[in-house]
Amino acid sequence: MGAPNRGSRGEWLVALPPLAYLVLLFALPSALMVLASFRVAGEFGGLAPLLGADGHPNLTFEGYARLFASPIYLELFLRSLLYAAATTALCLVAGYPLAMLIARSSARWRDLLLLLVILPFWTNFLIRVYAWMIILGPSGWMSRLVNFFAAPLGLGPVTLMFSPFAVILVLVYVHLPFMVLPLYANLEKHDPALIDAAQDLGAGAWARFRHVTWPLSLPGVFAGSALVFIPAFGIFAVPDLVGGTSGNMVGNLIRQQFLEARDWPFGSVLSIVLTVVALALTGLAAVAARPRRAGLDPAARAVAGQGA
Amino acid sequence: MALLEIKNVARRFGQTLAVDHVSLAIERGEFFTLLGPSGCGKTTLLRMIAGFDAPDNAREGGRIVLNGEDLTDRPPEHRPVRTVFQSYALFPHMTVAANVAFPLKMARTPSAEIQRKVAEALENVRLDAFAARFPHELSGGQRQRVAIARALVTRPTVMLLDEPLAALDAKLREQMQIELINLQKEVGITFIYVTHDQTEALALSHRIAVMSQGRVEQLDEPSKIYSFPCNRFVADFLGQCNILDGRIGAVDGERVDLELDGIGAVQAAIPSCPAAGTRGALALRPEKVALDRPGVMPRDASNRIAGHVSDFLYSGDVTMYVVELPGGRRIEALRANSAPGRTRFFDVGDPVEVSWTRDAGHFLPE
Chain A
1 MGAPNRGSRG
11 EWLVALPPLA
21 YLVLLFALPS
31 ALMVLASFRV
41 AGEFGGLAPL
51 LGADGHPNLT
61 FEGYARLFAS
71 PIYLELFLRS
81 LLYAAATTAL
91 CLVAGYPLAM
101 LIARSSARWR
111 DLLLLLVILP
121 FWTNFLIRVY
131 AWMIILGPSG
141 WMSRLVNFFA
151 APLGLGPVTL
161 MFSPFAVILV
171 LVYVHLPFMV
181 LPLYANLEKH
191 DPALIDAAQD
201 LGAGAWARFR
211 HVTWPLSLPG
221 VFAGSALVFI
231 PAFGIFAVPD
241 LVGGTSGNMV
251 GNLIRQQFLE
261 ARDWPFGSVL
271 SIVLTVVALA
281 LTGLAAVAAR
291 PRRAGLDPAA
301 RAVAGQGA
Chain B
1 MALLEIKNVA
11 RRFGQTLAVD
21 HVSLAIERGE
31 FFTLLGPSGC
41 GKTTLLRMIA
51 GFDAPDNARE
61 GGRIVLNGED
71 LTDRPPEHRP
81 VRTVFQSYAL
91 FPHMTVAANV
101 AFPLKMARTP
111 SAEIQRKVAE
121 ALENVRLDAF
131 AARFPHELSG
141 GQRQRVAIAR
151 ALVTRPTVML
161 LDEPLAALDA
171 KLREQMQIEL
181 INLQKEVGIT
191 FIYVTHDQTE
201 ALALSHRIAV
211 MSQGRVEQLD
221 EPSKIYSFPC
231 NRFVADFLGQ
241 CNILDGRIGA
251 VDGERVDLEL
261 DGIGAVQAAI
271 PSCPAAGTRG
281 ALALRPEKVA
291 LDRPGVMPRD
301 ASNRIAGHVS
311 DFLYSGDVTM
321 YVVELPGGRR
331 IEALRANSAP
341 GRTRFFDVGD
351 PVEVSWTRDA
361 GHFLPE
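Chains as they are written, first to last, in my numbering: chain A, 1 to 308; chain B, 1 to 366.
Since the hints were derived computationally from the structure, they do not count as laboratory data.
Values in this document were obtained by computation on a predicted structure and should not be read as measured data.
Check before you lean on any hint, since a few could be wrong.
What the hints assert, rightly or not - Calculated from the model, a selection of chain B residues having no Cβ within reach of chain A, i.e. all distances over 12 Å:
no.: 1; residue: A50
no.: 2; residue: A58
no.: 3; residue: N99
no.: 4; residue: A151
no.: 5; residue: A250
no.: 6; residue: N337
What the hints assert, rightly or not - Cβ-to-Cβ under 10 Å is the rule here; a few derived chain A residues that face chain B:
no.: 7; residue: L187
no.: 8; residue: D191
no.: 9; residue: A207
no.: 10; residue: H211
no.: 11; residue: L216
To be verified - To be clear about the criterion: a stretch of chain B counts as covered by chain A if any three or more of its residues have a C-beta under 8 Å from a C-beta of chain A, and this derived list gives those stretches:
no.: 12; segment: 63-70
no.: 13; segment: 259-268
For glycine and all other residues, C-beta sits at the position ideal for the given N, C-alpha and C.
The following block holds chain A by itself, in its conformation from the complex:
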């Protein structure tokens, strides 16, 4: 009876550092935020004391009531959701072929291509966004290129900066490596014999992708999408710099509440709702992406059913 006990104690010991990490850096701050979201703003910013002058705790649902009372906030959430979803989808469309190319390259090319994917991280994030501001600005090459083709069609000078287009473009640029790397890690592990087998069994290029590569890559697709969607949903720097007023996202509002309006409780309410929505969506996606039993089609499932 001693051995299993010792084993489980050992397991606890090994799990302790990551557990402490999670408690200190995730659970505790989250709890503080939840608490803050029910508190009252201080007169000069920050939070009012937890206990009021009358001895009753200073707690309120006002922040949540305010959030759900105005359609402005709902609209902002929906817009952020839309931008984040579009960013995720575009990253997937752009990143999947790239990840596949890297995974199927020879070892020498593979290292070089991976380096190229990671290389932007060596430059500061803000500097890279500033670079985009120059490219998208009225005298940047992209604006001039677009207007060169737009002018003969009678379309007035098009501005790229400070638009949803600019926000999504830069969001895709910033998050692409987070999609490519987990996808590559997944695709690289695929047994090439499976593709050969599919082809041998009569599958053309599209069918091989559709029935073998894609379903086997779903864990990578999910991991990459989560790594892109979650940060893109709450980001404020990119819409701040290239979005203008039309490209605002929830992150901007949260930043505003904490730094400009100095309304910490409402900022906390927005943060908590953002976190809950992101977690809920990720959880839903995880359930949807779970491998299903009896894979292919009704016929195969029927035969499978008979066998079982």
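Since chain A is already given, all that's left is putting chain B on it; use the hints.
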């Protein structure tokens, strides 16, 4: 006309000719084996039949023709050929039934027919009870059978098997060999089988092509290849063989005196014997060499040489004795451990006599 014709096909990887202008004609319904050591080109040849590789000399007549149709430029998915891969290559995210249904689905078979054919194919390989399992829930032998069912379900013209039993343990391999023979007989589909295992090749095949360094060394029925190897490589690669160097002495029709280096004159029967003085070697299978105590006169032994046992390898049913002759040459002799009450006949150091008949050996000219 042969079902599958491989015409003068060559394939080079860097400096080495993996397949060196090979021509083969494989008949309908045949169990044909490509046998050779690793790197002999057998798998490359198989991949070219499947379409995963192409002959380098396709423009200079290196073609693969199936049933009168030239396949050389067709991609694998459009060839009526199916492969059973060495690693089985079962789709891990599909059930057994879905794996077997895959090629039918690709061929746009109606759903009811898919259901019937999958059930039938799984019954063929006795896996009907496992249809709903996933590949990782099966044993190695079961996975093997799923791979075979998946390849057979569309009734291909030719089925290619790339060392399909290599990953199985010995007992299971033997059982699968019998199943493969029966299955092939039952479905009547032409099998092209690649292996480096000579016992497997001898047990399964109607015909064997022994390959070495990209070339076919010998092509014949298993018993012919085993009994009459055409050169040293084939003699040595298939089973155990004493290869005794020497030259032809006096020739009298088929009766020939052979001068074996370090052993002396022996008698042999060599049909259409080369001229006296020709150098070569006598290939003598250990099971054709009799082994007795000195003085026991075996019937019909043209050649008798005394020596002593220097080593032996006991393997239960038989023992392989290595006999050292006075000149230092060694001859291997196989003896069944068939005497009642005894485990084997001789020990290291025992004086013995090896003997063989005139027609026991096979002469390999140089």
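Failing hints, ascending? 1, 3, 4, 7, 12 and 13
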